[in-house]
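Given next are the chains, with one letter for each unit.
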Amino acid sequence: SAFQQQTTNTVEEPLDLIRLSLDERIYVKMRNDRELRGRLHAYDQHLNMILGDVEETVTTIEIDEETYEEIYKSTKRNIPMLFVRGDGVVLVAPPLRVG
Amino acid sequence: MEVSHSVKERTIAENSLVILLQGLRDHVTTVELRDESTASGRVTNVDAFMNVRLAEVTFTDRQGTVCHLDELFVTGRNVRYVHIPDDVDIRATIEQQLQAIHRVRYFGGRDKGRKEFPRAKH
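Residue numbers (the UniProt record's numbering), protein chains in the order written: chain A, 1 to 99; chain B, 1 to 122.
Calculated from the structure, these hints are not laboratory results. This one's a predicted model, so the numbers in the text were calculated from it and none came from an experiment. Beta carbons are placed, not taken as given, at the ideal position from N, Cα and C, and that holds for glycine. Keep in mind that a hint or two might mislead.
Under 8 Å between C-beta atoms, here's a sample of chain B residues computed to sit facing chain A [as the list claims (entries may be wrong)]:
id	residue
1	I12
2	S16
3	L17
4	L33
5	D47
6	V79
7	R80
8	Y81
9	V82
10	I84
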């Protein structure tokens with residue numbers, strides 16, 4: 001039927017690269033200075049995703065009134081299971097290693 | 001189990017993760033909107049375009065002001081996140097939704113009724 005999706009083992013298109021990350025922890029950069037780190041449970045062609053054990057980081061830039069320097073502040077929170085709407089997703093990658 | 005009456009919506013839902021959100025009907029959860037406001041309530045409907053209807057809602061706006069609403073409709077485009085409650089089995093929910101669509105699609109049997117995907121006649 002037209003609606004049976006093929007599961008292949010080869011990488012044929014960019015979405016297949018995301019398929020390789022299923023059940024792995026990934027890093028997702030989102031619009032509005034947000035980042036997510038979590039375990040990828042599911043995704044679809046719109047990049048709607050279901051992430052487990054998620055840490056969301058929201059980064060804001062404040063300008064010091066006297067020195068005019070940019071101060072980067074980030075707020076984190078944890079959510080056990082999250083559905084993410086795909087149109088907010090900018091990029092998907094393996095988790096960034098820090099330090 | 002209720003399924004959309006529209007063939008187009010059933011097809012869209014069947015081929016995307018929105019089908020999981022449709023399975024959240026009657027669950028209480030939190031929807032975070034694009035504009036940073038949040039709505040917590042009982043999901044009464046989610047359509048193929050991710051438009052969400054909630055009941056008995058606690059709505060917290062961007063500024064943090066809380067209000068209570070009997071019903072709330074959120075346009076799909078305005079959804080950023082949907083929290084999945086801990087007691088939801090994702091795989092089972094998706095399979096149940098797909099089965100509901102198949103029950104509707106194959107209603108009446110092989111040789112009866114108007115077919116969604118007609119077989120080519122020789």
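Structure-based check of all given hints:
Interface hint at I12 of chain B: violated, since its Cβ lies 10 Å from the closest Cβ of chain A, which is beyond the 8 Å cut-off. The interface hint given for S16 of chain B is met, as the beta carbon of that residue sits about 5 Å from the closest beta carbon of chain A, less than 8 Å. Satisfaction of the interface hint for L17 of chain B is found here, the shortest Cβ-Cβ separation to chain A being roughly 4 Å, below the 8 Å cut-off. Annotation: L33 of chain B was flagged as interfacial toward chain A, and the flag is violated, the nearest CB pair being 10 Å apart, outside 8 Å.
For the restraint placing D47 of chain B at the interface with chain A, the shortest Cβ-Cβ distance is roughly 14 Å, beyond the 8 Å limit, so the hint is violated. With its C-beta approaching chain A no nearer than about 5 Å, V79 of chain B sits inside the 8 Å limit, and its interface hint holds. Hint on R80 of chain B holds. Least Cβ distance to chain A is approximately 6 Å, under the 8 Å limit. Look at Y81 of chain B: its Cβ gets to within about 5 Å of chain A, closer than 8 Å, so that hint holds up.
For V82 of chain B, the suggested interface contact is upheld, since its CB lies about 4 Å from the closest CB of chain A, less than 8 Å. With its C-beta approaching chain A no nearer than about 4 Å, I84 of chain B sits inside the 8 Å limit, and its interface hint holds.
Of the numbered hints given earlier, the model fails hints 1, 4, 5; all others are met.
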